[in-house]
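J.: Below, each chain spelled out in residue letters.
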Amino acid sequence: MLIVLFIIALGLFAVVSLIFSNVALQEQDADQIVATNLAREALEMVQNMRDTNWLLGDRPFDYGMLVEGAVSAPTPVVDCTVVPVWDGGAIPAPFFDATPNDLSQARVYKQGVEGYFTNTVTATSTEYQRLLTLAPICEDPNNSANKAVAEGACACPPAGFPTYTKRIGLRAKADVRWLRKNRQRNLTIYGDFYDWR
Amino acid sequence: MTGDKKSKTRLPGFSIIEMLVVVAVFSFSILILSQTYLSFIRLSHRTANSAVVQQDMRFVLEYITRMARHTAIAYPVPPGSLEAATSTLTLSGKDQLDWIIKLSEAGDALCGDSSGVKCLLVSGDAGVNWAPITSKKVNVEKFQILVRPSQTPFMLQGNAYLNNQQPYVTLLIKMTYMAPNDRETVSLEAQTSISSRVYVR
Numbered sequence: 700m701l702i703v704l705f706i707i708a709l710g711l712f713a714v715v716s717l718i719f720s721n722v723a724l725q726e727q728d729a730d731q732i733v734a735t736n737l738a739r740e741a742l743e744m745v746q747n748m749r750d751t752n753w754l755l756g757d758r759p760f761d762y763g764m765l766v767e768g769a770v771s772a773p774t775p776v777v778d779c780t781v782v783p784v785w786d787g788g789a790i791p792a793p794f795f796d797a798t799p800n801d802l803s804q805a806r807v808y809k810q811g812v813e814g815y816f817t818n819t820v821t822a823t824s825t826e827y828q829r830l831l832t833l834a835p836i837c838e839d840p841n842n843s844a845n846k847a848v849a850e851g852a853c854a855c856p857p858a859g860f861p862t863y864t865k866r867i868g869l870r871a872k873a874d875v876r877w878l879r880k881n882r883q884r885n886l887t888i889y890g891d892f893y894d895w896r
Numbered sequence: 009m010t011g012d013k014k015s016k017t018r019l020p021g022f023s024i025i026e027m028l029v030v031v032a033v034f035s036f037s038i039l040i041l042s043q044t045y046l047s048f049i050r051l052s053h054r055t056a057n058s059a060v061v062q063q064d065m066r067f068v069l070e071y072i073t074r075m076a077r078h079t080a081i082a083y084p085v086p087p088g089s090l091e092a093a094t095s096t097l098t099l100s101g102k103d104q105l106d107w108i109i110k111l112s113e114a115g116d117a118l119c120g121d122s123s124g125v126k127c128l129l130v131s132g133d134a135g136v137n138w139a140p141i142t143s144k145k146v147n148v149e150k151f152q153i154l155v156r157p158s159q160t161p162f163m164l165q166g167n168a169y170l171n172n173q174q175p176y177v178t179l180l181i182k183m184t185y186m187a188p189n190d191r192e193t194v195s196l197e198a199q200t201s202i203s204s205r206v207y208v209r
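Chains A and B, in that order, are what the protein sequence lines are. For the first sequence, our numbering begins at 700 and goes up steadily by one. For the second sequence, our numbering begins at 9 and goes up steadily by one.
Isolated chain A (complex conformation):
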């Protein structure tokens, strides 16, 4: 009798565990859809700024991202962790704010009127955090087959160094982090944007 009860209990436990893990995975999937699209949006903003710089024609392709200052004489930025600033209303064209240094300072909010997700601080915060890390893609001016991403740096090595001194593109890494039932989840996607069409 006890053995029978044990087997029945074991079977029920397995079924219940399966159902609950299925529900948890579904919730995780839903969060993943939101996070993936937030990360993709950040990369699209990088692409849009590069393309807009091309249209403006008077500035480098990465102006407002890896370089700043005067358009005629841009200088490399000091900090290459940024968040997109955009809210769909008062700030129609996205630009980047280098103030946040890590994900904890890069909360995603819900904009009040239209309900857009945005890194611009508004009243309603979400569980999501989003940060972009930019790094230059550098080329050896003597051999265009040699390229390297200057991870952790905001600029290619200065002229005079033997290799990888020419800035030809930028790598953008979009990190999204969120909490679900006190468990932290992360998602990272990359995009490479070159100064050619």
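Honestly, I wouldn't trust all of these hints.
What the hints assert, rightly or not - Derived DSSO-like pairs: lysine-lysine, alpha-carbon spacing no greater than 30 Å straight-line:
1. B:110 <-> A:865
2. B:150 <-> B:102
3. A:846 <-> A:865
4. B:144 <-> B:182
5. A:846 <-> A:872
6. B:145 <-> B:110
7. A:872 <-> B:182
8. B:150 <-> B:110
9. B:182 <-> B:150
10. A:872 <-> B:144
11. A:809 <-> B:145
12. B:145 <-> B:182
13. B:102 <-> A:880
14. B:144 <-> A:809
15. A:809 <-> B:102
16. A:880 <-> B:110
17. B:110 <-> A:809
18. A:865 <-> A:809
19. A:880 <-> A:809
20. B:110 <-> B:182
21. B:144 <-> B:110
To be verified - One-sided and incomplete, this derived list gives chain A residues near chain B with beta-carbon spacing under 10 Å:
22. 732
23. 733
24. 744
25. 748
26. 775
27. 785
These are calculated hints, taken from the structure and not from any lab test. Source: prediction; values computed, not measured. All residues carry an ideal CB built from backbone N, CA and C; glycine is no exception.
Position chain B relative to chain A; hints supplied.
T.: Leaving out everything else, chain B in the frame of chain A:
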């Protein structure tokens, strides 16, 4: 005396109290089991509904992303400009036939037989024929499209272009599976933006 002795003899069986206790325990167990079973059924429905909403959300986001990336945005002729936020996205298709993606009216016959449901409709022939791209019981509660800049950057006016920003589309969607039971209703809201890959200048 003999009769008294007989009346004190205990016959085999259960007393009424024992029977009542057994019936109560059995009924309670059945009640608990049936409630648990119903909860699992509801959970199972909720999971299935969630899968439908997620599938629709993935499909719609990818569909519109691809369209907006590789098809030019249909801007109005200047000085006209696009509205701040709309529930319609119009893209310039081939042969002057626009691709239009819009939110239907509630209860539109194209959305299926669920009353009050709004779905997403697509037309590849400038609005002559429409087809739904969301499931029958999925209600699209929010479909906001924001296109920036509001005027085309590819048209010369005098010696200058109207603006110098590459077109950029933001898409915010909220979908809800319309289940008969509130506890089986599932909602999902997601947003993405797309920078146009159409380079005219």
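J.: Hints broken by the structure, by number, lowest first?
T.: Going through the list in order, the structure violates hints 1, 10, 13, 15, 16, 18, 26 and respects the others.
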